[in-house]
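S.K.: Sequence:
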Amino acid sequence: MNTRSLTANELASSGTQTTPDTLSKALVFLLACGAGLGVASLYYNQPILSILAAEFHASPGEIGRVPTLTQAGYAIGILLLAPIGDRFDRRTIILCKVAVLSLALLATAFAQSLFQLCALSVVIGVAASLAQDCVPAAAALAPEARRGKIVGSVMTGLLLGILFSRVVSGTVSELFGWRSMFVVASVAVAVLGIVAARRLPKFPPTTDLPYGALLRSLATLWQRHSGLRRAALAQGLLSASFSAFWSTLAVMLHQPPFGFGSSVAGAFGLAGAVGALAAPIAGGIADRKGPELVTRIGATLVFVSFVAFAIAPDNLWLLIVGTLLFDLGVQAALIAHQSIIYSLEPAARSRLTAILIGAMFVGMAGGSALGSLALDFAGWRAVSLLAAAAALVALEVRLWPRRAAAGNA
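Per the numbering used here, the very first residue in the sequence shown carries number 1; after that it's consecutive.
Simulated from the structure, these hints should not be mistaken for laboratory data.
As the structure is a computational prediction, the values presented were derived from the model and not from experiment.
The C-beta atom is built at its ideal place from N, Cα and C for all residues, glycine as well.
There are no misleading hints in this set.
Label-pair ranges, simulated between beta-carbon atoms:
| hint | residue 1 | residue 2 | range |
| --- | --- | --- | --- |
| 1 | LEU293 | SER180 | 43 to 49 Å |
| 2 | TRP317 | LEU293 | 25 to 31 Å |
| 3 | ALA369 | LEU293 | 30 to 36 Å |
| 4 | SER50 | ARG198 | 37 to 43 Å |
| 5 | GLY61 | ALA389 | 31 to 37 Å |
| 6 | LEU49 | TRP317 | 30 to 36 Å |
| 7 | HIS254 | TYR211 | 44 to 50 Å |
Make the full structure from the sequences, and use the hints.
M.R.: Structural data, given as structure tokens:
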């Protein structure tokens, strides 16, 4: 069967296909690769900043603009470009972003000045937002009964892209030079584009709103759906806990009683693999038991983990186990929240994604700032209590529907 001739709606509803499971798995894998390679592009520069600083004779402050501008570009791509997935064919949008990303990565390999590197970093960030086009695309392809599991599978690709991008970049750059890393990344994205052009189905637009009205409709969606507001608020709070931890971990581990180097802090990042691999499981539970249950379990895991950190801040084994549990909780809640918002208004899935991920960015920025302040003024226990408080409020947000129903009974 030629999947290119089908629309996403036809593909999702065609229960009479001879090999629907194989086709579905192939498409889900393709979207997972798209999400992973897209988001990985944001992080290739982070482990090689010292190399880049030496290459371009830049101070730490100057070279620090590179990852900052990459993330800024990503935020711009999510807020200004992700919503157009409802207005135009997502297939075309994904392919255009893939082409721009591949060219930007290749151009970065030949950058001759810090200014060029910074400018290309913005372009890479904007184009990398294709990761957030792949997730609503998966939701559109998925039958309702399996949407949580399929979205979770695509999120596995995204999370693994974040997890392994720094390791791959550091290794390739050390063995073959930093420019080789960007050539390899460009080729990988180009191959993705070739496969996507052949296999990705068309996605009929779900609205004919002009661009300005499309952006203004974000506020309308926010006002219209209390489920969206709860999901964005709860995930934003959990993201604040997540960011407060990871933005202060390396400093905390360097201090007594641990005295570890940055390599140990980096090894803690492997905990992200647990959340990534558990994403489809969380999505499957959301399909069977309902996403509300998963959000509450996720928030509870985060809360309990940080309370344990606060009680025994010097226990390394507790820190390791707690890191696994709270990361699992954050990722499970994210999958469940995506399942919730995608069921609210199918015609607006790209815009709903932009709102949810935007709330996550706000939460991560706030968590990083507050976590650093807490560590400076009161130490690691204060960071743990701050993160626990944010998770507790997130859990309270997820309990609002149950309490409202009990009050009306």
